[in-house]
Structures are given as C-alpha cells and as structure tokens.
Amino acid sequence: MTAKEYLRQLKTLDCLIKAKELEKERLMALAGKVSVSLSEKVQGGSGGSMEDTVIKATELGEQINADIDKLVGLKDEARGLIDKLDNNNFKTILSMYYISNVAFRQIAKHMNYSIGGVFKMHGYALKDFGEIFKNR
Numbered sequence: 409m410t411a412k413e414y415l416r417q418l419k420t421l422d423c424l425i426k427a428k429e430l431e432k433e434r435l436m437a438l439a440g441k442v443s444v445s446l447s448e449k450v451q452g453g454s455g456g457s458m459e460d461t462v463i464k465a466t467e468l469g470e471q472i473n474a475d476i477d478k479l480v481g482l483k484d485e486a487r488g489l490i491d492k493l494d495n496n497n498f499k500t501i502l503s504m505y506y507i508s509n510v511a512f513r514q515i516a517k518h519m520n521y522s523i524g525g526v527f528k529m530h531g532y533a534l535k536d537f538g539e540i541f542k543n544r
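Per our numbering, the sequence shown starts with residue 409, numbered consecutively.
The set of hints was computed from the structure by calculation and includes no laboratory data. Each hint should be verified, as a subset may be incorrect.
Estimated spans, in silico, between C-beta atoms of each pair [what the hints assert, rightly or not]:
1. Glu470 x Asn496: 34 to 42 Å
2. His518 x Glu467: 36 to 44 Å
3. Arg416 x Asp460: 34 to 42 Å
4. Cys423 x Phe527: 18 to 26 Å
We put the CB at the ideal spot given by N, CA and C, even for glycine.
With the hints as extra help, turn the sequences into a complete structure.
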C-alpha cells in the first residue's frame with residue numbers, strides 16, 4: 409500500500425459511513441411508513457416487514473459503529489504519522505484533507521494560498537509523508 413492509498417482509505421471509509429447512515433435513515437423512514445393490517449398480524453404472527461426493516465436498520469447501525477471505531481483508529485494512526493512531518497504547511501494540508509475531510513478549495517482559502525499552490529504542496533507533502541510511512 410502506498411502512502412497516498414493509506415491516507416485515501418480515510419476518506420473512503422468516511423464516505424462509506426455516510427452512505428450507510430443515509431441508508432439507515434431511509435430504512436427507518438420506510439419502517440415508519442409500513443403499516444401492518446390487523447388480519448396480517450393475527451394470521452402471520454411473524455412481525456411483518458416493518459419488524460424486518462427495523463432489524464436491518466439496527467444491523468446497519470452496528471456496522472456503522474464498527475466502521476466508526478475503525479476510522480477513529482486509522483485517523484489516530486495517520487495523525488501520528490502526519491505529525492512527524494517537519495513542514496507545518498504539509499501537516500496542515502494532509503490533516504485538513506485526509507483527517508478533517510476539508511476540500512482543497514477551502515484549505516487554500518484557510519491558508520491564504522492559491523488552489524494551485526495547495527495542490528503543489530500536497531504533492532510535496534505526500535512525497536515526504538511517503539518516506540515516513542515507508543519507515544514506520
């Protein structure tokens with residue numbers, strides 16, 4: 409795994425968590441809309457699709473919690489490696505982009521650099537980070 413792939417997994421896992429949270433919200437909204445008629449309750453007795461939907465949402469919530477735990481651990485590890493960089497601008501760019509999930513445009517605005525300057529520094533930061541990552 410390259411240094412960039414290592415850092416990129418933070419953003420990917422963060423996006424996956426958000427996608428699962430949206431799916432869980434959708435399932436819970438769907439469960440609220442599902443109505444079971446009295447005759448289905450009496451005849452079926454199995455709980456019906458509302459119960460199944462709530463169970464699926466609960467299981468998804470457990471997956472989300474496990475993913476969050478993994479993400480927190482990965483971010484802590486990455487933060488420790490990023491902190492080993494000598495250049496504070498490199499630390500800021502990598503931390504904001506990969507740890508805090510801030511867009512390059514916002515990083516440029518925050519640091520008072522052009523977006524091109526931030527892209528260029530990001531490349532240098534990844535190169536320096538790669539050395540630290542390789543020697544960890």
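So, going through the hints one by one against the coordinates:
1. Glu470 x Asn496: 34 to 42 Å: holds, 39 Å
2. His518 x Glu467: 36 to 44 Å: holds, 39 Å
3. Arg416 x Asp460: 34 to 42 Å: Holds - the Cβ-Cβ distance for Arg416 and Asp460, about 36 Å, lies within 34 to 42 Å.
4. Cys423 x Phe527: 18 to 26 Å: Once the Cβ atoms are compared, 21 Å apart, the range 18 to 26 Å for Phe527 and Cys423 holds.
Checked against the numbered hints listed earlier, the structure breaks none of them; every hint is satisfied.
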